[in-house]
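All chains, full assembly: derive it from the sequences and hints.
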Amino acid sequence: MWELFNFYLIPGIVLGCIYALGALGISLTFGILRFSNFAHGEMMMLGAYFTFTIVGLTGWHPLAAALPAMVLCAIVALGLDRAFFKPFRQAPTIMLVIASFGLMLMIRSAVQFFWGVSPRPLMPGIQRPQAFLDGALLIAPKHIWIIGTTLLVMLAVHLLLTRTRTGKAMRAVSDSPELARLTGIDVEAVIRATWVVGAVTAVAAGVMLAMDTQVETLMGFKMLLPMFAAAILGGIGRPFGAVAGGLVIGVVEEMSAYPFIGTVPLLNPAYKSGIAFGIMVLMLIWRPSGLFKGRVF
Amino acid sequence: MDGYALYVVGLLTAGGIYAILALALNLQWGFTGLFNAGIAGFFAVGAYVSVILTAPESPTIIGGYGLPLVVGCGAAMIASGLVAWGIGRVCIRLRSDYLAIATIGIAEILRLVFKNESWATNGPRGIAGIPKAFEWVPYPWNQVAFLGMVLATVLVIYLALETAWRSPWGRVMTAIRDSEAAAKASGKDVERFRLESFILGAAIMGLGGAYFAQYLKYFGPETSDPTSVTFLVWVMLIMGGSGNNRGAVLGALLLWAIWSATELLTSMLPPDWAVRSAYLRIFLIGLVLQVVLQRYSKGILPETRPAVVGTSTRAGATTGNAT
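Chains P and A, in that order, give the protein sequences.
With this note's numbering applied, the first sequence corresponds to residues 1 to 297, in that order.
With this note's numbering applied, the second sequence corresponds to residues 1 to 323, in that order.
Hints may be right or wrong, so weigh each one.
[Claimed, not checked] Here are the simulated lysine-lysine pairs, BS3-like style, with alpha carbons at most 30 Å apart: (1) A:K184 / A:K298; (2) P:K142 / P:K222; (3) A:K115 / P:K222; (4) P:K293 / P:K168; (5) A:K298 / P:K86; (6) A:K217 / A:K132; (7) P:K86 / P:K168; (8) P:K272 / P:K222; (9) A:K188 / A:K298; (10) P:K293 / A:K298; (11) P:K293 / P:K142; (12) P:K272 / A:K115.
In short, the hints are calculated from the structure, not lab data.
The structure displayed is predicted, hence computed values, not measured ones.
This is the structure in structure tokens:
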């Protein structure tokens, strides 16, 4: 019983938190810019590499080093928007998808060029899990950090969306860009804010994934499918639906490796990423608007 | 024949196979506006299916039926088409973004299957010693004969697609691409037409995979790496001119020439730099894509509308009156 909890459910929640933060950014970009940003995973990866370098230079905790990395990535995201997405504001959205597809490979190959391809650890050494409830419940300290940080980031995004002028403008543009423009909202400023929020949440997700595993150049691409699946499961354009979707997919992925029947894992762990795909396909058949009534385009 | 000429033959063969893939993508994207981001997946299905059917018996893979290569190619097309049918049934009615995600997904899952099911595909080590067409021809000429077969296939597919482009079927495709609502309003079964275009395109990609496995005489999970297959084919089509079959072929040959030439250049660098600059090449190809998208979105050979018989006579009549 505790084995299922300690080795499957908790890692599942941790993974789900990371997916949730990633899906949050994808869902926000989709809501406001109306396209699936394939380069989102690479922004996570870039943030993790910036953090890796900052940790190497300063010796800070990765979560502290993530803050300057977020600033750097926000600047990169704004620059990329100016150079590669802005020219297509009035064009069919599929042009944006192609541009982001190209950008995905450009960012990845740039990182591979500068940092090399060998995976590197972000947290040195192996951490002993912390015991609770007389040693029955075991949680690694980094997992506590990850869950805590996710809650913090989500609270911040929630407050931003509901309590600030920028957040309200973002929601207005997401509902109807034309109406928002007519009421005098500066849509370009909203788009810039979206890229900044997207970059910050992506870096948070990337750094936490790197803390849990390691820094590698394909980490962003591997996250792409679960993040999209989470965004679709929760309903595109519904940021907190994406969070719920991420948690569901993370937990199901980890639990699928538990030997529920006999002694072998229910599903070969090599096929974990197939789960996200399966959930996504089922949702597209059954209810493309997602669990929380998002948009279908 | 000297080594230099043989190198060119090899280059042209690979370029021809890429032209087949670019033509297939043109059918899906240029004609009908379907965003297929999983070319590598259909390519790999075709390759593995044809290899399993045509390879001699071997302990490392399943199958090994030693069937004729034609049967292998046909089965490759059917298998890829079936995969496309499955995805298409789910996603084709939704916006193109969903199809893009689903095709990326299926390509990735297929790669995992080919990598992990070692009993069937020899896993990450891949399959070597794949039978190739014209192997009975004496040495340098078998390569030339294979090139001939590839180029003939390109020609056949090109002519077929040109006919399709001019046919009512092709016109429905572009109508759907340009305005789904208008096509629906004139009574066209949009989903069925889209599905047809998607399945046909995927089948041709499967054929491309079967040829590529023969060309290399080897196929492994990394041969169908999404970067080199999916991405290159997309840049080829967009650079050459989507919606134009000649543009697809031209873009494929041109980009493949650039890609191979830069590979030749980087291989002359010191080893450490050669590895790194391989990534620089991908970066530059990505930049080419962005520049083409923004500045020359119609490509080198822009799409040309086939003349509609009724309209052209009327247009001719008006000009006649004016003069």
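Hint numbers not upheld by this structure, sorted from lowest to highest: 10 and 11
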